[in-house]
Amino acid sequence: MTAMYIPLHPLKFKSKIVDQIEIYKNHFILSFTREPEERFMAGQLLALTTAPDTIPPRLYSIASAETAEESTCYQIYYNTTKEGQLSNRLAALKAGDELHRSSPFGQFIFPKSKSYFIAVGTGIAPFLSKIKSTDHFQEVKLLHGAKNLELLLGHEIFSSKLKKNYIPCLSQDSAYPGLFQGRVSDYLQNCDASKLPLDYHYYLCGSAEMVVQTRDILLSKGVPFNLISAEIYF
Amino acid sequence: MELKKPLLGLTLTELQAITQEHSMPTFAAKQIADWIYRKRVTSIEEMSNLSLGDRQKLCEHYEIGAKKYQHLYASVDGTKKYLFATTKGNGIESALIPHENHYTLCVSTQVGCKMGCLFCMTGKQGFQGQLSTNEIINQIYSIDESEQLTNIVYMGMGEPLDNYSETIKSIEIMTADYAYAWSPKRITVSTVGVIPTLIRFLEESKCNLAVSLHSPFDEERLQLMPIQNVYPIKEVIQVLKAQKNQARISFEYILFAGVNDSQKHVNELARLLNGLSAHINLMRFHAIPNSPLKGTSEEKLKEFQSALNKKGIITTIRASRGEDIMAACGLLSTLQKQGSA
Chain A
0 MTAMYIPLHP LKFKSKIVDQ IEIYKNHFIL SFTREPEERF MAGQLLALTT APDTIPPRLY
60 SIASAETAEE STCYQIYYNT TKEGQLSNRL AALKAGDELH RSSPFGQFIF PKSKSYFIAV
120 GTGIAPFLSK IKSTDHFQEV KLLHGAKNLE LLLGHEIFSS KLKKNYIPCL SQDSAYPGLF
180 QGRVSDYLQN CDASKLPLDY HYYLCGSAEM VVQTRDILLS KGVPFNLISA EIYF
Chain B
0 MELKKPLLGL TLTELQAITQ EHSMPTFAAK QIADWIYRKR VTSIEEMSNL SLGDRQKLCE
60 HYEIGAKKYQ HLYASVDGTK KYLFATTKGN GIESALIPHE NHYTLCVSTQ VGCKMGCLFC
120 MTGKQGFQGQ LSTNEIINQI YSIDESEQLT NIVYMGMGEP LDNYSETIKS IEIMTADYAY
180 AWSPKRITVS TVGVIPTLIR FLEESKCNLA VSLHSPFDEE RLQLMPIQNV YPIKEVIQVL
240 KAQKNQARIS FEYILFAGVN DSQKHVNELA RLLNGLSAHI NLMRFHAIPN SPLKGTSEEK
300 LKEFQSALNK KGIITTIRAS RGEDIMAACG LLSTLQKQGS A
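Those sequence lines, one after another, are chains A and B. Take the first sequence: its position 42, counting from 1, is numbered 41 in numbering that gives the first Met the number 0, and each next residue is one higher. Take the second sequence: its position 336, counting from 1, is numbered 335 in numbering that gives the first Met the number 0, and each next residue is one higher.
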């Protein structure tokens, strides 16, 4: 009798592609239309696909600002892989093409203050959405890792809004001596435990490996597990 | 040189595609299935009711594809842990749990896992890849007790419903008349609650389902199980409540001291599961290295069971097995991967 169950995230919208930018090899920002009355909270996801009958939808964090005044379309940040059934089709979309999507959903949402965001690669999307959406931050820190500066999506916005509370890490690009050279995990391993406040909540976003490794380091530095929430790219 | 493909792990439909491709009689597919799954031949040459020409055609491109385990660890309590190498060179684990005249095998469906649960060792490997149906069935086929098995539980490394197509094919092979013809009641699939494939599983399979619950509170479950962000337990329960056959559903609940073992949790579990005729399996926590979690005391465990029973929820305590051989899923292979076992 599963027919009685109505999925809470049906693909009830068709969105038109507004823009697609390849910011670096195989890394894309896809913009598509949003219904004027739609609201979401930074950290939420969209289920989307190009062909609902043949390609199962996948979930993407919204990277655009919460308010329609700031952003009249949705943006997602994704990369393609050889095996990626949907991502390669997304990469082929052009302005005017359509995709099928759900309403925004998900529980990975954060307060305006006392938040320590940690992200690697495309995992920056929920935090980019949050920081784009807010002007006045109180005690928000962001530890942001990528291979090189091109992949450090949003670093200009973060530097401008978070100032010293923004810590960019480049794992394969030594051309910027002002930035931390190494992975996010290297930064945390070398970080004095006193710099990891115990009155903040830690939000992690990235691959399973990144989240588990980062969580283990935080735990080893004395951060209690109930101060850590994570979003994994399933 | 072309690598030969394994026949073990192919469904009847897939075998029929092969026989058709090689202009073999249609009935040959059933014969091949019979040789592999029932007669357990070790080579294609032994399939004596296939013509010599057909056997030769098969041998050119295929092999049986069974692989012996690499290591075997035996516990003092009779539990055994088998380690297999995958085609990509990773290690996967299967645990055999004997109990009286029952032999239950806990099989893996992925190398590593994407779910990142705080209490699980497999997640510490990250996600290394999906297992093929061949690699799932091989765990069942190649252990010493293969022909004595009475139950299979998909509770080893990985999330079975995150490798749905291979999991469901392996279940077909276990239950179909052309292969092992097991009753689906002897098979249990464990999941954190990946809703899209959970819905498919409930429609397509009659096997038992065990849902990892571990906390009835959203925020607390989120800290233990990141999947809660995407597929909250309340939505999982909503899917399950729409099921007619709820007797096949159970919930797994590991008790962590001071975290999820209070009366408040009992009350909320009763509220959450109200209207479902499912039962709860309470589990002791197999400690993993550097975990911030500790197992609940025996006394508290029994109190918790009794409190749930008083609320009308049938609750059992699962026996801990094989701790001396690191039988908890992913523990041994992860420590080996990290170079400390």
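One or more hints might be untrue.
[Claimed, not checked] Straight-line C-alpha distance at most 20 Å; calculated DMTMM-like pairs for lysine to aspartate or glutamate:
| # | chain 1 | residue 1 | chain 2 | residue 2 |
| --- | --- | --- | --- | --- |
| 1 | A | Lys24 | A | Asp198 |
| 2 | B | Lys293 | A | Asp185 |
| 3 | A | Lys140 | A | Asp185 |
| 4 | A | Lys111 | B | Glu218 |
| 5 | B | Lys56 | B | Glu20 |
| 6 | A | Lys11 | B | Asp33 |
| 7 | A | Lys15 | A | Glu36 |
| 8 | A | Lys113 | A | Glu82 |
| 9 | A | Lys11 | A | Asp52 |
| 10 | B | Lys29 | B | Glu13 |
| 11 | B | Lys29 | B | Glu171 |
| 12 | B | Lys168 | B | Asp143 |
| 13 | A | Lys81 | B | Glu219 |
| 14 | B | Lys87 | B | Asp33 |
| 15 | B | Lys293 | B | Glu234 |
| 16 | A | Lys13 | A | Glu36 |
| 17 | B | Lys87 | A | Glu149 |
| 18 | B | Lys87 | A | Glu208 |
| 19 | B | Lys67 | B | Asp53 |
| 20 | B | Lys29 | B | Glu62 |
| 21 | A | Lys113 | B | Glu62 |
| 22 | A | Lys113 | B | Glu13 |
| 23 | A | Lys162 | A | Asp134 |
| 24 | A | Lys113 | A | Glu208 |
[Unchecked claim] Here are a few chain B residues that face chain A, going by a calculated C-beta distance under 7 Å:
| # | residue |
| --- | --- |
| 25 | Lys113 |
| 26 | Gly115 |
| 27 | Phe126 |
| 28 | Leu221 |
| 29 | Pro291 |
| 30 | Gly294 |
Derived by calculation from the structure, the hints in this document are not laboratory data. Given the structure is predicted, the values throughout are model-derived calculations rather than measurements. Beta carbons are placed, not taken as given, at the ideal position from N, Cα and C, and that holds for glycine.
Cross-check of the supplied hints:
1. A/Lys24 - A/Asp198: violated, 39 Å
2. B/Lys293 - A/Asp185: With a Cα-Cα distance of about 28 Å, the restraint between B/Lys293 and A/Asp185 is violated, given a limit of 20 Å.
3. A/Lys140 - A/Asp185: The hint holds at about 17 Å.
4. A/Lys111 - B/Glu218: Judged against 20 Å, a Cα distance of about 18 Å means the pair holds.
5. B/Lys56 - B/Glu20: Holds - the C-alpha atoms of B/Glu20 and B/Lys56 are around 10 Å apart, at most 20 Å.
6. A/Lys11 - B/Asp33: violated, 46 Å
7. A/Lys15 - A/Glu36: holds, 16 Å
8. A/Lys113 - A/Glu82: Not OK: A/Lys113 and A/Glu82 at ~39 Å, beyond 20 Å, violated.
9. A/Lys11 - A/Asp52: holds, 13 Å
10. B/Lys29 - B/Glu13: The hint holds at about 11 Å.
11. B/Lys29 - B/Glu171: Satisfied, since the Cα-Cα distance of roughly 14 Å is no more than 20 Å.
12. B/Lys168 - B/Asp143: violated, 23 Å
13. A/Lys81 - B/Glu219: violated, 36 Å
14. B/Lys87 - B/Asp33: violated, 28 Å
15. B/Lys293 - B/Glu234: violated, 28 Å
16. A/Lys13 - A/Glu36: Status holds; Cα separation ~15 Å.
17. B/Lys87 - A/Glu149: Measuring from Cα to Cα gives roughly 32 Å; hence the hint is violated.
18. B/Lys87 - A/Glu208: Measuring from Cα to Cα gives roughly 18 Å; hence the hint holds.
19. B/Lys67 - B/Asp53: violated, 27 Å
20. B/Lys29 - B/Glu62: Roughly 17 Å separates the two Cα atoms, so the pair holds.
21. A/Lys113 - B/Glu62: violated, 59 Å
22. A/Lys113 - B/Glu13: Given pair A/Lys113, B/Glu13 is violated - Cα atoms ~56 Å apart, limit 20 Å.
23. A/Lys162 - A/Asp134: holds, 12 Å
24. A/Lys113 - A/Glu208: violated, 25 Å
25. Lys113: Cβ of B/Lys113 sits 4 Å from chain A, so the hint holds.
26. Gly115: holds, 5 Å
27. Phe126: holds, 5 Å
28. Leu221: This interface hint holds because 6 Å falls under the 7 Å limit.
29. Pro291: holds, 5 Å
30. Gly294: violated, 15 Å
Checked against the numbered hints above, the structure violates hints 1, 2, 6, 8, 12, 13, 14, 15, 17, 19, 21, 22, 24, 30; every other hint is satisfied.
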